[in-house]
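Asks: Sequence:
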Amino acid sequence: MNIKEYTDFLRISGVEINFDATFFSGQCFRWKKVDGGYIGVVNRKIVLVYPQDNNTFDIYNCSPDEFKKFFYWYFDLDKDYDLILKELSEHDEILKKAVEKYRGMRLLNQEPFECMISFIISQNNNIKRIQILVERLCQAYGEKIEYKGFSFWTFPEIEDLKKVSIEELKCLGLGYRAEYIKDAIAKLEEGKIDFESLASLKSDEARKILKTVKGIGDKVADCILLYSLQKYDVFPVDVWVKRALREYYGIENIKQLRQFIKSFGELAGYAQLFLFHYIRNSNK
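Heads up: the sequence shown runs through residues 1 to 284, numbered per our numbering.
These aren't lab readings, by the way, just hints derived from the structure by calculation. What you are looking at is a predicted structure, and each value in this text was computed from that prediction instead of being measured. In this text, a Cβ means the ideal position worked out from N, Cα and C, and glycines have one as well. Heads up, a few of these hints could be off.
For lysine to aspartate or glutamate, the following EDC-like pairs were computed, each having C-alpha atoms within a straight-line distance of at most 20 Å [stated by the list, open to error]:
no.	residue 1	residue 2
1	128	204
2	68	58
3	192	143
4	97	20
5	182	168
6	45	143
7	262	20
8	208	218
9	211	168
10	45	159
11	202	218
12	208	189
13	86	16
14	202	143
15	255	218
16	86	266
17	4	20
18	214	179
19	45	189
20	170	157
21	214	266
Per label pair, the in silico range of CB-to-CB distance [what the hints assert, rightly or not]:
no.	residue 1	residue 2	range
22	240	33	23 to 33 Å
23	253	45	26 to 36 Å
24	242	32	44 to 54 Å
25	11	179	44 to 54 Å
26	32	163	38 to 48 Å
27	208	7	42 to 52 Å
28	93	6	24 to 34 Å
29	83	212	29 to 39 Å
30	33	255	37 to 47 Å
31	64	146	21 to 31 Å
32	252	90	22 to 32 Å
33	250	90	44 to 54 Å
Full structure from sequences and hints, please.
Replies: Below you can see the structure in the form of structure tokens.
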């Protein structure tokens with residue numbers, strides 16, 4: 001990977017990223033398309049990304065030091081994706097097709113608090129609706145930021161949301177999820193949930209602790225573990241995923257499901273990302 005610094009952007013070359021698949025695969029909710037590229041709020045700032053070709057992209061509002069310290073981790077650039085995709089491709093024909101179609105899709109490593117609240121909001125919602133609700137929360141309680149004529153809001157801090165009532169959250173359209181958000185914040189404040197501690201635990205133990213938050217079940221807990229705590233052995237499963245696994249793999253019960261997930265080992269999260277982005281788009 002090479003980093004070349006220009007007046008107001010960096011040109012990153014020698015790394016393959018399919019930004020469209022990465023940003024719109026259901027793992028994050030704050031990236032949008034902008035003419036010829038993408039705009040998002042990451043690390044409390046507006047960031048613009050413009051792909052130049054399959055292996056080169058420009059990133060604005062990012063210093064070389066910040067790229068090395070944050071975005072290198074955020075875009076999962078410390079992983080050997082050639083090896084990961086080779087192993088996934090050899091697992092079965094469906095995954096092989098998924099990898100071939102979406103090669104370059106990356107698993108994003110996100111900030112835990114934003115990830116937790118975003119996936120609590122995701123319950124029984126489609127991606128478009130989740131994006132709308134997350135944006136409303138940011139506009140109501142985040143900090144306004146501007147860059148190159150664009151205006152956005154940062155994701156609220158715990159301190160910002162601690163003062164907000166359940167009724168005020170419901171006014172944003174969050175419904176019953178407002179109570180879950182407040183319970184998550186309370187447990188974080190009380191120290192019952194500590195992201196640093198969770199990261200050091202095995203996935204099963206960390207999942208149990210996350211599920212002590214009202215409204216967090218296995219699927220939301222696994223999304224938090226996978227997308228913000230680097231627990232790559234988890235495989236988030238909801239009703240839609242179960243239905244797809246039954247249709248594509250003939251998996252009918254929990255024993256078969258556990259065996260299927262176990263067969264991926266430490267690559268289960270990557271398998272889930274590629275598999276269900278492929279199946280979701282194939283079924284459209």
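Asks: Each hint should be assessed against the structure and marked as holding or not.
Replies: A quick look at each hint next to the structure:
At most 20 Å may separate the alpha-carbon atoms for a hinted pair to count; residue 128 and residue 204 exceed this at roughly 30 Å. For a cut-off of 20 Å, the pair hint linking residue 68 to residue 58 stands: about 14 Å separates their Cα positions. For the proposed pair residue 192 and residue 143, the alpha carbon gap of about 27 Å is over 20 Å, so the pair is violated. Distance hint between residue 97 and residue 20 is fulfilled; the C-alpha atoms sit about 18 Å from each other, no more than 20 Å.
Among the hinted pairs, residue 182 with residue 168 is consistent with the structure: their alpha-carbon atoms are about 11 Å apart, no more than 20 Å. As the CA atoms of residue 45 and residue 143 are separated by approximately 10 Å, the hinted pair is consistent with the 20 Å bound. Annotation: proposed proximity of residue 262 to residue 20 is violated, straight-line Cα distance about 29 Å (limit 20 Å). For the proposed pair residue 208 and residue 218, the alpha carbon gap of about 9 Å is at most 20 Å, so the pair holds.
Among the hinted pairs, residue 211 with residue 168 is inconsistent with the structure: their alpha-carbon atoms are about 24 Å apart, more than 20 Å. Only pairs whose Cα atoms come within 20 Å are accepted, and residue 45 paired with residue 159 is accepted, the gap being roughly 19 Å. Straight-line distance between C-alpha atoms of residue 202 and residue 218 comes to about 15 Å, which keeps the hinted pair within the 20 Å bound. About 18 Å separates the Cα atoms of residue 208 and residue 189, which keeps this hinted pair within 20 Å; it holds.
For the hint pairing residue 86 with residue 16, the CA-to-CA distance comes to about 15 Å; that is within 20 Å, so the pair holds. Taking the CA atoms of residue 202 and residue 143, the gap is about 35 Å. The hint is violated against a cut of 20 Å. The suggested pairing of residue 255 with residue 218 holds, with an alpha-carbon distance near 16 Å, which does not exceed 20 Å. Annotation: proposed proximity of residue 86 to residue 266 holds, straight-line Cα distance about 14 Å (limit 20 Å).
Between the alpha carbons of residue 4 and residue 20 the distance comes to roughly 23 Å, so the proposed pair goes past 20 Å and is violated. Of the pairs offered as hints, the one joining residue 214 and residue 179 holds, with about 8 Å between alpha carbons and a cut-off of 20 Å not exceeded. Our distance criterion of 20 Å between C-alpha atoms is broken by residue 45 and residue 189, whose separation comes to about 25 Å. Restraint check for residue 170 and residue 157: the C-alpha separation of about 18 Å stays at or below 20 Å, so the hint holds.
For the given pair, residue 214 sits about 28 Å from residue 266 by alpha-carbon distance, which is inconsistent with the 20 Å threshold. The given range of 23 to 33 Å is respected by residue 240 and residue 33, whose C-beta atoms sit roughly 24 Å from each other. Between residue 253 and residue 45, the C-beta spacing of about 47 Å breaks the proposed range 26 to 36 Å. The given range of 44 to 54 Å is broken by residue 242 and residue 32, whose C-beta atoms sit roughly 30 Å from each other.
The hinted window of 44 to 54 Å between residue 11 and residue 179 holds, with their beta carbons roughly 46 Å apart. The given range of 38 to 48 Å is broken by residue 32 and residue 163, whose C-beta atoms sit roughly 29 Å from each other. A C-beta distance of roughly 50 Å is found between residue 208 and residue 7, which places it inside the suggested range of 42 to 52 Å. Take residue 93 and residue 6: their Cβ atoms lie about 44 Å apart, and the range 24 to 34 Å is violated.
Between residue 83 and residue 212, the C-beta spacing of about 36 Å keeps the proposed range 29 to 39 Å intact. About 42 Å separates the C-beta atoms of residue 33 and residue 255, a value consistent with the hinted range of 37 to 47 Å. For residue 64 and residue 146, the Cβ-Cβ distance of about 23 Å falls inside the hinted range of 21 to 31 Å, so the restraint holds. In this structure the hint that residue 252 and residue 90 lie 22 to 32 Å apart at CB holds, the actual value being about 25 Å.
Remark: the range hint 44 to 54 Å for residue 250 to residue 90 is contradicted by a beta-carbon distance near 20 Å.
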